[in-house]
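Starting from the given sequences, assemble the full structure and let the hints guide the process.
Residue numbers (our numbering), protein chains in the order written: chain A, 1 to 341; chain B, 342 to 682.
Derived from the structure by calculation, the hints contain no laboratory data. In this text, a Cβ means the ideal position worked out from N, Cα and C, and glycines have one as well. Treat the hints with care, since some could be wrong.
Calculated pairs, SDA-like style, for lysine to any residue (alpha carbon to alpha carbon, straight line, at most 20 Å) [stated by the list, open to error]:
#, chain 1, residue 1, chain 2, residue 2
1, A, Lys15, B, Arg606
2, B, Lys551, B, Gly567
3, B, Lys356, B, Glu344
4, B, Lys551, B, Gln575
5, B, Lys551, A, Ala257
6, B, Lys510, B, Ala548
7, A, Lys169, A, Glu190
8, B, Lys356, B, Val408
9, A, Lys210, B, Tyr623
10, A, Lys210, A, Pro261
11, B, Lys356, A, Arg265
12, A, Lys210, A, Arg271
Ranges between beta-carbon positions, derived for each pair [stated by the list, open to error]:
#, chain 1, residue 1, chain 2, residue 2, range
13, B, Gly557, A, Ala339, 45 to 51 Å
14, A, Ala207, B, Glu344, 51 to 57 Å
15, A, Glu27, B, Asn580, 42 to 48 Å
16, B, Ile542, A, Arg317, 50 to 56 Å
17, A, Gly68, B, Asn580, 32 to 38 Å
18, A, Gly216, B, Pro370, 42 to 48 Å
19, B, Pro555, A, Arg146, 37 to 43 Å
20, A, Arg189, B, Leu661, 51 to 57 Å
21, A, Glu27, B, Pro555, 44 to 50 Å
22, B, Asp545, A, Arg317, 55 to 61 Å
2 protein chains.
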Amino acid sequence: MREVNRQWRLAAYPKGLPRESDWTLTEAPVPVPGAGQMLVRASYLDVAPYMRGRISPQTNYAAGVAVGEVMVGGAVGEVLASNCPQFDAGDLVVTEFDFGWQDYALLTPAQVRRVDTALAPAHCWLDLLGLNGVTAYFGLAQAEMRPGDSVVISAAAGSVGQLAGQIAKIGGCRVIAITSSEAKLARCRELGYDDGIAYRIEPDLAAAVKRVCPRGVDVFFDNTAGPIHDAVVQNLALNARVTLCGTVSLAARFGEADIGPRFLRQIMIARARVQGFLVFDYAPRYDEARARLAAWYGDGRIRLHYDIADGLASQPRAFLRLLGSENLGKQLVRNDAPAGA
Amino acid sequence: MREVNRQWRLAAYPKGLPRESDWTLTEAPVPVPGAGQMLVRASYLDVAPYMRGRISPQTNYAAGVAVGEVMVGGAVGEVLASNCPQFDAGDLVVTEFDFGWQDYALLTPAQVRRVDTALAPAHCWLDLLGLNGVTAYFGLAQAEMRPGDSVVISAAAGSVGQLAGQIAKIGGCRVIAITSSEAKLARCRELGYDDGIAYRIEPDLAAAVKRVCPRGVDVFFDNTAGPIHDAVVQNLALNARVTLCGTVSLAARFGEADIGPRFLRQIMIARARVQGFLVFDYAPRYDEARARLAAWYGDGRIRLHYDIADGLASQPRAFLRLLGSENLGKQLVRNDAPAGA
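See below:
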């Protein structure tokens with residue numbers, strides 16, 4: 001019988017790179033669903049870079065987590081009890097942000113989507129059919145990717161990157177991975193990337209980009225900012241398009257000024273376009289993208305790597321692995337809480 | 342009788358900010374037009390920021406001037422002798438780049454446009470109906486300026502800026518000048534700018550932009566890069582568009598790295614678009630813009646300030662004044678060479 005709901009609460013706003021001690025594992029009773037609510041047990045908990053932005057006192061897209069609150073996060077889970085006509089016990093649902101780092105959550109129908117494992121297995125609903133998939137799809141669309149473009153993707157083996165790389169291949173592009181290690185680069189090649197750079201072993205990143213894109217970069221899907229961004233921007237082709245999708249490499253100095261070389265003159269001369277991207281702006285078109293992503297997955301044209309940690313206790317550690325770029329594939333946590341009586 | 346053609350030749354590539362000694366005034370015989378050529382005497386010589394980019398060994402849009410060559414530049418001039426059926430002695434013509442800093446030049450019909458003083462006086466053909474006009478027009482078009490936008494223009498009193506500000510007003514925008522001094526800001530207000538900043542007297546530029554654009558900047562027409570760019574980018578409204586048109590504030594450190602704060606995260610969060618601009622990309626549409634500019638000038642909806650130096654001897658000094666932001670209005674040089682026999 002389940003009795004305890006373990007919850008990771010924010011203990012302090014991190015200074016620089018977060019540490020495990022920035023969260024505390026607490027226990028609460030398993031909640032009881034009220035009218036219109038359902039009790040959901042997490043099957044897979046999400047681990048994602050956006051979470052860094054939610055634990056800063058800085059202005060951001062969304063309200064942050066206050067110290068003492070349950071840490072924000074999404075999950076795929078099973079309905080254990082339902083007071084909603086739309087869902088029954090045994091149904092699988094997914095929520096992008098409203099689960100929290102905990103075993104059980106009360107959710108309403110408006111907070112979830114139904115998981116259909118005929119389209120893709122449960123754990124795929126946090127990336128392929130979650131926000132990562134639509135991020136990759138619309139991030140490339142915003143950059144007006146065209147067949148024949150040289151497309152560079154940073155954090156190429158990550159949850160968005162591995163999808164973007166494969167979508168760009170489907171779109172007839174030459175696709176270049178930038179990732180941390182040779183192990184990850186090998187994974188990228190398995191997924192169909194044409195070439196790539198393991199940045200930790202390159203003494204001169206800008207020269208490495210020039211080596212793999214001698215005619216310049218047409219599209220840059222930037223998940224990192226920082227030195228990787230700098231290296232690519234020095235190699236933009238005429239009329240290049242850059243999608244600024246994430247800034248994970250700035251995580252260590254979140255809230256501090258990012259001082260370094262600026263390339264406005266290069267951007268001007270290339271008539272390049274550098275554009276911020278937020279997937280929520282494309283929400284009215286998610287269904288279009290998800291139908292295509294599910295079909296490509298079903299055809300085997302998209303394959304995915306996962307890095308799944310075991311047990312809710314590992315949640316902060318899994319998040320720190322992600323920030324440290326140590327994960328191989330989409331990082332998730334498989335829950336170990338009891339499933340029922 | 343004209344016998345001597347004075348010519349400013351590049352003496353050395355400038356290190357940092359150019360100095361007068363980087364050019365030497367030499368004399369040559371007045372050339373004699375061959376078949377298909379005409380001899381043109383400069384009436385007004387152009388002085389423009391792009392010239393800085395042509396005297397650097399760096400890669401740039403266009404071929405640079407070699408040491409020893411006549412300095413590049415445009416002019417409005419009078420045809421003194423013509424071996425072309427299209428033009429006769431007494432006609433006025435304009436060339437954007439092919440005159441050079443000299444009294445007389447040989448030109449072909451392909452290098453010039455005919456000046457029609459019924460549309461605007463001769464000196465207006467180097468800005469209003471030259472490249473500055475189409476730069477202002479298409480730079481705002483690229484930024485998808487819309488009525489009601491808050492539009493910030495740097496180098497607002499300059500040759501492109503004073504045109505962009507008035508076009509943005511015609512387009513129903515709230516228009517904000519950023520310029521160096523209070524004297525220039527007063528000129529901008531005369532031209533219809535709604536508000537502005539004299540950056541030399543502001544202790545905190547980002548705060549000053551926030552003061553004049555409390556709801557953020559929708560369009561930034563950037564002629565300067567540098568600290569002004571930094572201040573505006575920290576105040577971008579959601580979905581802001583930035584046109585990178587010029588980098589005159591980097592002139593002192595041309596070819597060196599531009600080190601400073603980067604704002605990728607702010608650009609991402611605002612979903613802003615930062616885009617390089619080169620007017621030549623719009624060449625097929627110049628006539629569309631010039632017809633409108635001439636009509637607005639004719640209606641008095643566009644007025645222009647000029648800062649006209651006297652005599653070819655003042656050409657390098659006039660260019661240095663421009664780089665030092667000392668000119669009030671479009672900088673030109675009125676030629677003092679003899680007009681005829």
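List, from low to high, the hint numbers that the structure doesn't satisfy.
The structure conflicts with hints 3, 6, 9 and 22, although it agrees with all the remaining ones.
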